[in-house]
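Novice: Chains as they are written, first to last, in full-length UniProt numbering: chain Y, 1 to 286; chain R, 1 to 286.
None of these hints come from the bench; they were simulated from the model.
Computed from a predicted model, the values in this text were never measured in an experiment.
Treat each hint with caution, since some may be false.
When chains are identical, the list treats them as one kind, so a pair holds in a single copy or across two.
Said to hold, decoys possible - In silico lysine-lysine, BS3-like type, Cα no more than 25 Å apart, as pairs:
# : residue 1 : residue 2
1 : Lys153    : Lys22
2 : Lys273    : Lys200
3 : Lys200    : Lys175
Protein chains: 2
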Amino acid sequence: MNVFVIGIGLIGGSFVKDVKAKLSDAKVFGIDAKPKHLEEALSLKIIDHGATYDDLSKADFVFVSIPVNEMVKELPRILDAVNDDCVVCDAGFTKELICKTLANHAKRRNFLACHPIAGTEFSDSSAAINGLYEGKTNIICEVENTAFKLQEKALEIFQLLGMRIRYMNPNAHDKHIAYVSHLSHISSFMLGKTVIEKEKNERDIFDMAGSGFESTVRLAKSSPAMWAPIFEQNKENVLETLNEYIQNLMDFRELLLVDDFEGIYNEMNNTNKIKSILKGIPINKK
Amino acid sequence: MNVFVIGIGLIGGSFVKDVKAKLSDAKVFGIDAKPKHLEEALSLKIIDHGATYDDLSKADFVFVSIPVNEMVKELPRILDAVNDDCVVCDAGFTKELICKTLANHAKRRNFLACHPIAGTEFSDSSAAINGLYEGKTNIICEVENTAFKLQEKALEIFQLLGMRIRYMNPNAHDKHIAYVSHLSHISSFMLGKTVIEKEKNERDIFDMAGSGFESTVRLAKSSPAMWAPIFEQNKENVLETLNEYIQNLMDFRELLLVDDFEGIYNEMNNTNKIKSILKGIPINKK
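Okay, chain Y solo, but in the shape it has when bound (with noise of 0.2 Å):
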């Protein structure tokens, strides 16, 4: 089975990673636009090939990791390239104009929408890990519109590699995907920024930074070039969230501002609920 993973990354380099170790008779080939991306990944033996569209025509499965809004303009390209037996998945952050953009291709039926929800803070393919994938949610939108054949064999790579599927329409990925994921990056990278901005002035304070920072801070360290085109993509939903949050930081500040520290512990006694609900999420660290 030829194996494409078309930007090599952490989420393509860990995705062809597991494929190599689980999937005996896969030959993978890389496709990346910097040269510097493909010569490491063949060094780290993520891949065994390097390759170019041309090649795509004797693809079995494709799976494209590349910044959302490169994945606008290259899917089509790719299902041009690809023969009628191939499926090609994505694995955009996003997923509304994903889908709208393909939703007249001739070879729509070649595609399946997915979100794989995996990931660290770090982006480059020497960060790429095996086991990424496994018990982690795969998000797949319209599948209804993809050949029964090619979802079949995505399917079993999934499975393979442990992943739960979940089936969500476009619309809905989006929305929800605004509050449990792009909503954090945007939290983590305006502490980070409110933090940095003091520092310039106060040399010791990292001194007190204790692992508790770090942790809502880990975020801030993802990269910028992937996440400007998540939020460009999904800015309704994600000024929802961005207003909501906000609301809720300045009525904590008005229990602070009146001195109601009973309502403050009740504020957060609600929220600690969440406890019970983060057992369910698997974690993957670095």
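Here the structure of chain Y is known, so what remains is to put chain R in place on it, guided by the hints.
Specialist: Quick look at chain R alone, frame taken from chain Y:
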């Protein structure tokens, strides 16, 4: 050496666990307002004996780890009860009000104001672990107000546990810790709240949460009984950080509203330097 711990949760429990492991002649006595906590600590062998304030006269070293509102009530009583050669260290997350409260106490020289910056989001003695303080920063305030011999006694124990010592005045401590600790807790609690409110209607949302969300809301599991008094005692500093944080979020929202995605890229890129800053922070994860 008779070592007393008052308040046997994660902070106090982990402290005496290491003391017992590293100081062969230490007898560890525990005092806790809740009999259940004492029983648990005894059964977990975190302490050797249960005790009361009446026993404090035989203490050589007292470690006080109770919520900061209790701290200002109990520390004067504890100092009243100890002998002249005993050193009392607190582990309060705020320092200004505590130091002010004890400023004119007859046994002020027996008190060493400390903030060992360590912990997890858990607060029970069952969460106590060995090595929690290894490599962690312990902020000591107003060291000049503690008898020199008693400073030495405390430092020997802190060094045995592997702590790094930093000296700071209480005012600077409370100001800086608001940025690197207290604000992280608010941002995390309010993020949890924002998402939980959404979840009322959307049961599937947490299936989509990945490790990034888990990391960002980890602190929202923290104990309200511990944190409401911290926000009360450090109100002015916390308000300052919260104002700056809300302003940064509103600026980010404005960039989104006017489609300035280059500006958003730059915001994130500038904050990425948190990577190098965080490298110096020692992490404890459960």
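Novice: With reference to the structure, classify each hint as holding or not holding.
Specialist: Each hint tested on the structure:
1. Lys153 - Lys22: Result: close within a single copy only, 15 Å intra versus 58 Å inter.
2. Lys273 - Lys200: between (37 Å within a copy, 13 Å between copies)
3. Lys200 - Lys175: between (37 Å within a copy, 15 Å between copies)
Violated hints: none; the structure is consistent with every hint.
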